[in-house]
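Chain order of the listed sequences is D and P. Just so you know, we're using the working numbering here: the first sequence kicks off at 1 and counts up by one. Just so you know, we're using the working numbering here: the second sequence kicks off at 1001 and counts up by one.
Please keep in mind that the hints were generated in silico from the structure rather than gathered at the bench. We treat Cβ as the ideally placed atom computed from N, Cα and C, and that holds for glycine. The hints are all genuine.
Per the computed footprint, the stretches of chain D lying under chain P, defined by three or more beta-carbons under 8 angstroms from a beta-carbon of chain P, are: (1) 26-33; (2) 57-66; (3) 126-137.
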Amino acid sequence: MNLKPETLSRIDEVIPHYPTKRSATLPLLHLIQEEVGYISNEAIEWIAAKLELQPINVYEVVTFYPMFRQKPIGRRHIKVCRTLSCALMGGYKTCATFENEFHTHLGEVSPDGEVTVEFVECLASCGTAPVVMIDDELHEKVDAAKAKQLSDQIKGEAKARK
Amino acid sequence: MPAPAQHRIIFQHIDEPGYTNDLACYVQHGGYEVMKRAYARPPAELVDEVKKSGLRGRGGAGFPCGVKWSLLDRKSGKPIYLVVNADESEPGTFKDRYIMHQDPHQLIEGIMITCFANSVKQAYIYIRGEFPHGARILEKAIAEARAANFVGPNVLGSGYGCEIYVHRGAGAYICGEETGLIESLEGKRPYPRIKPPYFPAVLGLYQCPTIVNNVETLCHVKYIADVGGEAFAKIGTPNNTGTRILCVSGHVQKPGYYEFEVGKITMGQLLNEVCGGPLPGRTFKAVIPGGSSAKILKFGERFKGKRKVGAEMVDYDWAVEDVPMDFDSLGMIGTMGGSGGVIVMDDTVNMVEALANINAFYAHESCGQCTPCREGSLWMKKISARMVHGDARPEDGQLLKSVADQIAGRTICAFGEACAWPTQSYVAKFGDEFKGYAEAKKAGKPAATTLV
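Using the sequences provided together with the hints, build the complete structure.
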């Protein structure tokens, strides 16, 4: 594993927060996924060695929690809330808009590599439904028109980069 | 009767212009003064105040907080932990989000008072993974509090030390279940533990005595330490003390969060006056009063029985609109106050589709440990999805019910009930809609909104 010095120092800082090293499994997975983008087998083995565990102890955690992924995703991660309050306010239309805008299907990397659109369960912002998280940012009241607007913004940023 | 005014204690500063989430602003508004006074008192006295207050947990179960604390095994010689449940994952609930993002020091002060009262040396805030900013805000706030000696090895020079760390979840609903949360904090899959013997108060985090409290509950503890248990018990109604944040979402004009004295406002006042009533041209059809697991209420149904008012037993005959929003009243009519998440559905919603949405949620979130829940939640999802996207049969409602009936009471944790109650109550109250769903589909009335 070639991790940045900042990531390594944050890893060394977080482990002593707990009386047992195993407790640092989730924090380490988050830190590595934030840097690398996904959790590889190499990362699983690295974490296991670091925390004095068997790789299976880390692997079973990766496969259980929805936020950890074992494959790379698009440059931006669009997570649309699927659960009842958002669905009542049009969440399914919001999600379909993102899929159409980027010519992609749920869970796949879009052909241009820009985004991965995902349907996720409740994001705990039901009063401003439908909600969408793009990377770490929460967007509220995202109807189809606002989804189009956000998509255009992402496309614009992609163009500016090229 | 007009709705009472909001009584904002926990949300006093939420959305206040100019109020920021840093220490300076909090201190300027009198922050950490309650804690300073609390630290001058014997810890047992603080526990008594919370017992006297009658505070009930705001996470979902409504268990009395003082009783929870008094169950702690204080003689084991093992360290005692406080775990703050900031997983806020019950669909329809979105109150803790605002506390943590806008007023994190209120929570930290509540944590430090709770820790002092219960001789806790280490607290963890388990925050859901979907709140990355919330986690950063809390970490910054804890660092500020540590620098000001409100958190750390020698808090306020009292000789008492306590540390707080933030621990992020990763998108699993079951981590809101307290023993699942503890497993997750230990770095494992969040499989809930069986009780007995694993009551957190005795065998919790690292097999040590542990308190697990919700974010809002701990903010109430801070307020109780300020005004005293007796004064707190005068707010709200007997056995349903204090204020409660009601989160309203779905088909109302003004969804959002509203803080009221518990039991002083009815469902009708909340939805029609506070939230502005149904959307134009529509009527209310159903409401879930306490998070998606709570049994649904159907507008038009009536609830009759006897209830205790003061020392007397009084008859009640309520429509949905008349039900006071407190733990006991909602419990009496067969549902629950739960986490305070009120989800409203109007006459455009087909209940088969709404149930299919919820069943998909529970099938996704079952941890898979207990067979009845793992298989049952999946079959309920499959059956209801088939009704919507494939062929619906008149007997499907009964089939769904028979699956649900085999889950509740047969699982390690309350998820079994949580996933069965929606199906049981939807089928019981909207049975005709399930029976006639195939016909309704054939009639070709397109659904206003896709729900599944």
